[in-house]
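Protein sequence lines, in the order shown, are assigned to chains A and U. In this text, residue positions in the first sequence follow our numbering: the first is 34, and each later residue adds one. In this text, residue positions in the second sequence follow our numbering: the first is 34, and each later residue adds one.
It is worth saying that the hints were derived from the structure and are not from the lab. Hints are supplied without guarantee of correctness; some may be wrong.
Note: identical chains are not told apart, hence a pair may lie in one copy or across any two.
Listed next, the in silico PhoX-like pairs over lysine-lysine satisfying Cα-Cα at most 25 angstroms (straight line) [unchecked claim]:
| id | residue 1 | residue 2 |
| --- | --- | --- |
| 1 | K201 | K440 |
| 2 | K154 | K263 |
| 3 | K201 | K146 |
| 4 | K420 | K263 |
| 5 | K154 | K357 |
| 6 | K35 | K357 |
| 7 | K263 | K35 |
| 8 | K154 | K219 |
| 9 | K378 | K288 |
| 10 | K440 | K263 |
| 11 | K35 | K215 |
| 12 | K263 | K219 |
| 13 | K357 | K440 |
2 protein chains.
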Amino acid sequence: MKAVGIGLVGFGTIGRGVVRLLQENASLIGDRTGAPLVLRHVADVDTARDRGVALEAGVLVADYRGLLEDDEIQIVVELVGGTTVAREIVLGAIEGGRHVVTANKALLAVHGKEIFDAAEKRGVEVRFEGSVGGGIPIIRAIQEGFASDRIESIHGIINGTSNYVLSKMTAEGRPFDAVLRKAQEKGLAEADPAFDVDGTDAAHKLCILSALAFGYYLDLDHIYREGIEKITPADIEFSREFGFTIKLLAIARAKDGVIEARVHPTMIPSSHLLATVDGAYNAIYVHGAAVGSTMLYGLGAGEMPTATAVVSDAMDIARGLLRKAPRRGSGLSVHNSFLARGQLKPMNEIVCHYYLRFTVPDRPGILSRISGILGDHDISISSVIQKRREHARNVPIVIMTHAAREKNLRDALAGIDGSDTVQAPTQMVRVEPDLA
Amino acid sequence: MKAVGIGLVGFGTIGRGVVRLLQENASLIGDRTGAPLVLRHVADVDTARDRGVALEAGVLVADYRGLLEDDEIQIVVELVGGTTVAREIVLGAIEGGRHVVTANKALLAVHGKEIFDAAEKRGVEVRFEGSVGGGIPIIRAIQEGFASDRIESIHGIINGTSNYVLSKMTAEGRPFDAVLRKAQEKGLAEADPAFDVDGTDAAHKLCILSALAFGYYLDLDHIYREGIEKITPADIEFSREFGFTIKLLAIARAKDGVIEARVHPTMIPSSHLLATVDGAYNAIYVHGAAVGSTMLYGLGAGEMPTATAVVSDAMDIARGLLRKAPRRGSGLSVHNSFLARGQLKPMNEIVCHYYLRFTVPDRPGILSRISGILGDHDISISSVIQKRREHARNVPIVIMTHAAREKNLRDALAGIDGSDTVQAPTQMVRVEPDLA
Numbered sequence: 034m035k036a037v038g039i040g041l042v043g044f045g046t047i048g049r050g051v052v053r054l055l056q057e058n059a060s061l062i063g064d065r066t067g068a069p070l071v072l073r074h075v076a077d078v079d080t081a082r083d084r085g086v087a088l089e090a091g092v093l094v095a096d097y098r099g100l101l102e103d104d105e106i107q108i109v110v111e112l113v114g115g116t117t118v119a120r121e122i123v124l125g126a127i128e129g130g131r132h133v134v135t136a137n138k139a140l141l142a143v144h145g146k147e148i149f150d151a152a153e154k155r156g157v158e159v160r161f162e163g164s165v166g167g168g169i170p171i172i173r174a175i176q177e178g179f180a181s182d183r184i185e186s187i188h189g190i191i192n193g194t195s196n197y198v199l200s201k202m203t204a205e206g207r208p209f210d211a212v213l214r215k216a217q218e219k220g221l222a223e224a225d226p227a228f229d230v231d232g233t234d235a236a237h238k239l240c241i242l243s244a245l246a247f248g249y250y251l252d253l254d255h256i257y258r259e260g261i262e263k264i265t266p267a268d269i270e271f272s273r274e275f276g277f278t279i280k281l282l283a284i285a286r287a288k289d290g291v292i293e294a295r296v297h298p299t300m301i302p303s304s305h306l307l308a309t310v311d312g313a314y315n316a317i318y319v320h321g322a323a324v325g326s327t328m329l330y331g332l333g334a335g336e337m338p339t340a341t342a343v344v345s346d347a348m349d350i351a352r353g354l355l356r357k358a359p360r361r362g363s364g365l366s367v368h369n370s371f372l373a374r375g376q377l378k379p380m381n382e383i384v385c386h387y388y389l390r391f392t393v394p395d396r397p398g399i400l401s402r403i404s405g406i407l408g409d410h411d412i413s414i415s416s417v418i419q420k421r422r423e424h425a426r427n428v429p430i431v432i433m434t435h436a437a438r439e440k441n442l443r444d445a446l447a448g449i450d451g452s453d454t455v456q457a458p459t460q461m462v463r464v465e466p467d468l469a
Numbered sequence: 034m035k036a037v038g039i040g041l042v043g044f045g046t047i048g049r050g051v052v053r054l055l056q057e058n059a060s061l062i063g064d065r066t067g068a069p070l071v072l073r074h075v076a077d078v079d080t081a082r083d084r085g086v087a088l089e090a091g092v093l094v095a096d097y098r099g100l101l102e103d104d105e106i107q108i109v110v111e112l113v114g115g116t117t118v119a120r121e122i123v124l125g126a127i128e129g130g131r132h133v134v135t136a137n138k139a140l141l142a143v144h145g146k147e148i149f150d151a152a153e154k155r156g157v158e159v160r161f162e163g164s165v166g167g168g169i170p171i172i173r174a175i176q177e178g179f180a181s182d183r184i185e186s187i188h189g190i191i192n193g194t195s196n197y198v199l200s201k202m203t204a205e206g207r208p209f210d211a212v213l214r215k216a217q218e219k220g221l222a223e224a225d226p227a228f229d230v231d232g233t234d235a236a237h238k239l240c241i242l243s244a245l246a247f248g249y250y251l252d253l254d255h256i257y258r259e260g261i262e263k264i265t266p267a268d269i270e271f272s273r274e275f276g277f278t279i280k281l282l283a284i285a286r287a288k289d290g291v292i293e294a295r296v297h298p299t300m301i302p303s304s305h306l307l308a309t310v311d312g313a314y315n316a317i318y319v320h321g322a323a324v325g326s327t328m329l330y331g332l333g334a335g336e337m338p339t340a341t342a343v344v345s346d347a348m349d350i351a352r353g354l355l356r357k358a359p360r361r362g363s364g365l366s367v368h369n370s371f372l373a374r375g376q377l378k379p380m381n382e383i384v385c386h387y388y389l390r391f392t393v394p395d396r397p398g399i400l401s402r403i404s405g406i407l408g409d410h411d412i413s414i415s416s417v418i419q420k421r422r423e424h425a426r427n428v429p430i431v432i433m434t435h436a437a438r439e440k441n442l443r444d445a446l447a448g449i450d451g452s453d454t455v456q457a458p459t460q461m462v463r464v465e466p467d468l469a
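Construct all of the structure, not just a fragment, from the sequences and the given hints.
As structure tokens, this is what we get:
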């Protein structure tokens, strides 16, 4: 039984998890693969830091380039992150005829087409289960499990930091800044959490999911994204009064060849399964024409969950290698020729429901003025909460609309916010009352 | 681009779904596979009935045997159900060097080892995603997604009929018989629902999941099973008072090479994700040492969801055929040599919490007698509900226990039910307060 050689580049948190899993589950992994997976080299610029896992002498190296030319390495695992060095590593590995496993969503969102084209040409496999949803096997589910079906929509909670912060804000009624700071202290949010809370990380992942589900490789810059920074405890409380929970959702829909893709805080019915996904958990809710509604749930990040996905990918390639058929040909789309169809719907043309919180002076006639402007833009109101406060100069008026066009909503808000009707910019959160 | 030929045996509900999916999504399926999937023949003893889908002349035949020798057929799809003819079809197809897709859980639970051994020997692939959880890609998830991890436990809602009936009973407070009759009238339960409501169907599926997760092929007869017939509206109501919801769970756990496998109504915390899985939906909650808690959710049965799984399996085999490497070697275990380890824990040795509803005469001293007997058997009580009823001769005493051994519990109940303390046999439902 010959061994399959692994070269790991990037010895950070996930890299450490991969080393641990390969060591701790070595016998199980060997049994299930049909041959042992042997870690030939680990490359990281920092060779000094003690990660608490032992590597044999000579395994840890500073320069990754040797790994790409090592005949004992059949699979290169890229876990450095980012889109520059990671791209060189992945393309270098492919060029040398090595198979690749990566968990790098940014890399695939930005350079995916180039990478999968190169892999196709060279006849090697690039696997990326760890790139979306940590240990949740969502990539396989879409590539293979739902391959026969026409997927209609995806609603994903795919950023653990945002979900953790929103869950805490919801449970404890505390503001965004305070909860985020606490999460950072606990190591549950990065020192620089910008990509997590502003929707960029979720947009990277949505790019990958859209390509898989709809065969359309989206330009990252065209995916509308809005983060959770603007959500206040008041919005969470009003949302609850309407029976909704706020989640950062990555949404993609396909209809008649037109794709809708967006990331933003979204109010969803509190009774919906997605609304119960709390803390660092992720969930991807996929609706297919034939399969109906499905959901995959699990820890969306972290050392061991993501390492599980990465090592499982390596095992899958290794099984193929042992049968002399490593390539299953499942790139970003199920089949490469299927990519690059459809067109992206401009954000202004999407239709959804809206939650609007106006900050207005506490005097009669304001609601009538606001609803008049909304009506002028074809936006009809489904319900209103108007709270009175003793001696308060400004009070909130909260409105839930029926389905409306984004363009109309924006025009109406521009009109309202530009007038002296309101005392502060209006808060707007999109609402998805029906997720299927 | 050469076509891949499909032969379908069994033109019932799922068979019809497969035909529809192959027809309606033909272009998508061809694109994603890399070649069209062509339905060469459909065999069913009933060639007269109109199923509302059109087949070309000569495609529908009464005798399946021709399909097993047809050189234009590379993949045989078995959807006749049962364990006799289905076994002949599957073994015949394998013998002739044809790949197989089946959704037949009973067949795999009873003859799985024989079938996968034959497939291994002949070098063909047997895929069975549709056998558990309808369109939920749980087989792939365990075979591949979690392959690198040590799975510790599985808690599955994997019988749609039982879950539908229990959900309705819970929502409407009506008794089992009435809800089941209504479900039958609506076509949501079979005319003979015995296997569904008595736990047999779930046990078949648990057999498959255990083999995949733990590499241990269980003897179906050794899996403890208990159905939902005995659950009353009163149990559901008391359960709610304790903060629990009753679900028919298929449970499998592995620890130190010992496997625990059982199917029975189970009280789980109402706040747990599994408790929110209602109606005909299925969900499989898998806990892995590294990946943590995960859950896959979707429609667990029905024409189109199951057809999705079946056709996706066929596409997967077809993709392999086009690359001259159809076999991925993923039988009932990830790797065949991994099967048949571990031993099954006898039901008497399991440890869980118990809900006990005693029917007792309304007079003092009874609780003391019952708790005395429980105490004698090392069973400690966590809470008690004792309802008084005006003018009632018999009243319920409901007890929740702490963790106890099944053997002790049974001995205690035998003692209590054998005495004149109770007026009717005691109701017992197992409780899993901590599912992870």
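Now for the hints, and whether the structure bears them out:
1. K201 / K440: Neither way: K201 and K440 sit 33 angstroms apart in one copy and 43 angstroms across, limit 25 angstroms.
2. K154 / K263: neither (45 angstroms within a copy, 61 angstroms between copies)
3. K201 / K146: So K201 and K146 fail the 25 angstroms test inside a copy (38 angstroms) and across (49 angstroms) alike.
4. K420 / K263: Only inside one copy: K420 and K263 sit 21 angstroms apart there, 51 angstroms across copies, limit 25 angstroms.
5. K154 / K357: both (18 angstroms within a copy, 18 angstroms between copies)
6. K35 / K357: both (13 angstroms within a copy, 22 angstroms between copies)
7. K263 / K35: neither (55 angstroms within a copy, 55 angstroms between copies)
8. K154 / K219: Neither: 45 angstroms inside a copy, 54 angstroms across copies.
9. K378 / K288: within (10 angstroms within a copy, 51 angstroms between copies)
10. K440 / K263: within (21 angstroms within a copy, 57 angstroms between copies)
11. K35 / K215: neither (49 angstroms within a copy, 59 angstroms between copies)
12. K263 / K219: For K263 and K219, the Cα distance is within 25 angstroms only inside one copy (22 angstroms; across copies 48 angstroms).
13. K357 / K440: Neither: 54 angstroms inside a copy, 52 angstroms across copies.
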